[in-house]
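Below, each chain spelled out in residue letters.
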Amino acid sequence: MNMTKHTISVLVNNQPGVLQRVAGLFGRRGFNIDSITVGESEEQGLSRMVIVTTGDENTLEQVQKQLYKIIDVIKVVDLSSNPMVARELALIKVNAEPAMRPEILGVVDTFRAAVVDIGPHSLIVQAVGSSDKIDAITELLKPYGIRELTRTGVTAMIRGSQK
Amino acid sequence: MSIQNPTKVLKEELREKLLRPDVISGSESLLRCLLLEGVECVFGYPGGAVLYIYDAMHGNPDFHHLLTRHEQGAIHAADGYARSTGKVGVCIATSGPGATNLVTGIATAYMDSVPLVVITGNVATAAIGTDAFQEADIVGITMPITKQSYLVRKAEDLPRIIHEAFHIANTGRKGPVLIDIPKDVSAQMAVFQAPGPVAIRGYNPTVEPNKLQVDKMLRAIEESERPVILAGGGVVYSDASEELIEFVNKTNIPITTTLLGLGGFPSGHPLWMGMPGMHGTYTANKAIQNADLLISIGARFDDRVTMKLDGFAPKAKIVHIDIDPAEIGKNVKTDIPVVGSVKEVLKQANPKAKRAQSDEWVEHIQQMKEAHPLRYKDSETALKPQYVVELINDTTKGEAIVTTDVGQHQMWVAQYYKFKNPRSWVTSGGLGTMGFGFPSAIGAQMGNPDKLVVSINGDGGMQMCSQELAICAINNIPVKIVVINNQVLGMVRQWQEIIYDNRYSHIDLAGSPDFVKLAEAYGVKGLRAANKAEAQAAWQEALNTPGPVLVEFVVEKYENVYPMVTQGNTIDEMIMGDSE
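Top line first, the protein sequences correspond to chains A and B.
Start counting the first sequence at 1; every next residue gets the next number (the numbering used here).
Start counting the second sequence at 1; every next residue gets the next number (the numbering used here).
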């Protein structure tokens, strides 16, 4: 079977426990979650989750159908079957003695990332982009010593006027 | 209370009284809403967190509550009520242990798509999350086994929530809905406002099928030479038996009914082949394996039906009719999916349905049925369990409501009781819950006061909920309770014999009570039979005795259920055992 990454957007009623219902479903049915993000949507009372999952076409179909069985789920869209914009944000606290800073800033500039905090011995780099881009900058910053890394997970939507 | 309690259509007078915008407590609002939903009887058990609710019941002549002896008994009774009537079953328990005692029953109903509304109390809102006395996160615990659940925050939300819960439980693919009511909410005063129409944005089950898909199915039937129908619980749940009979008659397709489908199609019909799967009939299993078209109608290709999946129905084009789109393609690759209620699909299909080219196939099926009927080696000395089921079948003419527990006796009833009517068969199929058989019969009897209800149990399962004998006795609920006693956990023993090389591990039920005395201890008449003559006499006496009776049949210990397909094999690789 052909295992691929899928990005799914799930519009849900903003009810207590709805995240638990969705996450529980993935766990229970053996679907995997690479990342999950939740936040308000364009409509009051509704939240949108963006879930990245890995699996074959059958699994993807089951994921969507099972999600629809949750009463608080209103719409499920397989974003990755469309042209989409997918972005993730990462904060990377990297060791940075004053002497090393110019070199690190070079990496930051190349990735159009930003330095959002400077401490005596470290910097916090904020990077926004595709997951691949975040992986790449993380890789490049590793030699300087990453003290802490936090990533939001992917949020995404379909390009153009299609909703 | 009397079990003759009326299935009254709410009298207009009462309805008006219930709808009045009085300032009432959450508890009174709950009772009013249940009555407005047409609830005839609630099964429950009180406790600290539901004291306001039980206080509201006190002296309320319109509200009927049956006190069980265990919360598990209450929910299985509600389940039996729902399966046998088609109405929503309702039960109530307190917080913490009361609520967790319902978990098995909720899972049982969820697996078999049974509509229940389960009401639990919880600690007061302010105490939630503090590990308060008798606190349990029952909404969290039951999330994977409920169709929907609610934690009620305000008394004024109750009417809407209850109305939604009944709607969700009994539409689409049916299932249990839990409503958790904190103690302060049950006490809170609010102006009662009757619920408006249900509007749930994310919930809109597909009932009407896609016409093109139905036409595709009909074309496939016309072209087929070896078609088979596999009918399941969906036929019963959507009240589609008549439509199914018409469909089978028009298309001339042999039909097999799953465990939960039994009764959905009359067993006396010449095209009926019995049950398929692990303990299915020779004919049903062979027919599926040789079919060129398999039409699943309201069945979900459970592993006990399909056994080894990649050898299941290898030659067949698969049509799958189901109200739950998630079932289609879940286990078996489907060629023609039809999403919709079984009843609506068949109603749409019947006027256009044409006969399959199945004359030769039907003749072949009839030959198989004659050559390989269900059979067992009868004995003149020992009492055979299959004989007991046949005796019950013959004397009740296949028309009783029969509930079972889980295990060998369940399979023998499924094989040897010849069900004629839908909703006359109550058994835990998906979850396989021991302890279900007896309390579910109490619920079935409450819902069908004028019908004969027979509860058939093993000696193991009977001991899992035997405390409910008390409520049969005290309310004179006339269930005929059968205990098929082989003194072992028979199905486990059978597996240990066949698969584990006679290594019998912890299956001996020595030390079980004298079931006759147990019944008598509760004030229920008890009878025992150990041979055919005694069996006939005792059973006749039970039928002739008004009120509840327990009959213990002491049967052959080493009897096996055949045919049997062991795991890893396809359904035509049957062990026929000593039956052939």
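If you're looking for bench data, these hints aren't it; they were derived computationally from the structure.
Quantities reported herein were computed from a predicted structural model and do not represent experimental measurements.
Do not take every clue at face value.
If the Cβ cut is set under 8 Å, some of the chain B residues that face chain A in the computed set are [stated by the list, open to error]:
#1 189
#2 190
#3 203
#4 207
#5 211
In the DSS-like style, the derived pairs of lysine-lysine whose C-alpha atoms are separated by at most 25 Å in a straight line are [stated by the list, open to error]:
#6 A:69 - B:333
#7 B:315 - B:377
#8 B:330 - A:5
#9 B:87 - B:333
Non-contacting residues of chain A with respect to chain B, defined by C-beta distances greater than 12 Å in every case (computed) [to be verified]:
#10 33
#11 45
#12 61
#13 67
#14 75
#15 107
#16 146
#17 152
Even for Gly, the Cβ is constructed at its ideal location relative to N, Cα and C.
Okay, the hints, checked on the actual structure:
1. 189: Violated: closest Cβ of chain A sits about 24 Å from residue 189 of chain B, beyond 8 Å.
2. 190: violated (21 Å)
3. 203: holds (5 Å)
4. 207: Given a least distance of 15 Å, the restraint on residue 207 of chain B is violated.
5. 211: violated (22 Å)
6. A:69 - B:333: holds (20 Å)
7. B:315 - B:377: violated (34 Å)
8. B:330 - A:5: holds (20 Å)
9. B:87 - B:333: Roughly 33 Å separates the two Cα atoms, so the pair is violated.
10. 33: The assertion about residue 33 of chain A holds, with a minimum of 16 Å to chain B.
11. 45: Nearest chain B Cβ is 10 Å from residue 45 of chain A, so the label is violated.
12. 61: violated (7 Å)
13. 67: violated (9 Å)
14. 75: At roughly 8 Å from the nearest Cβ of chain B, residue 75 of chain A sits no farther out than 12 Å, so the non-interface label is violated.
15. 107: holds (45 Å)
16. 146: Non-interface label on residue 146 of chain A holds, nearest chain B Cβ at 36 Å vs cutoff 12 Å.
17. 152: Residue 152 of chain A is indeed farther than 12 Å from all Cβ atoms of chain B, at 26 Å.
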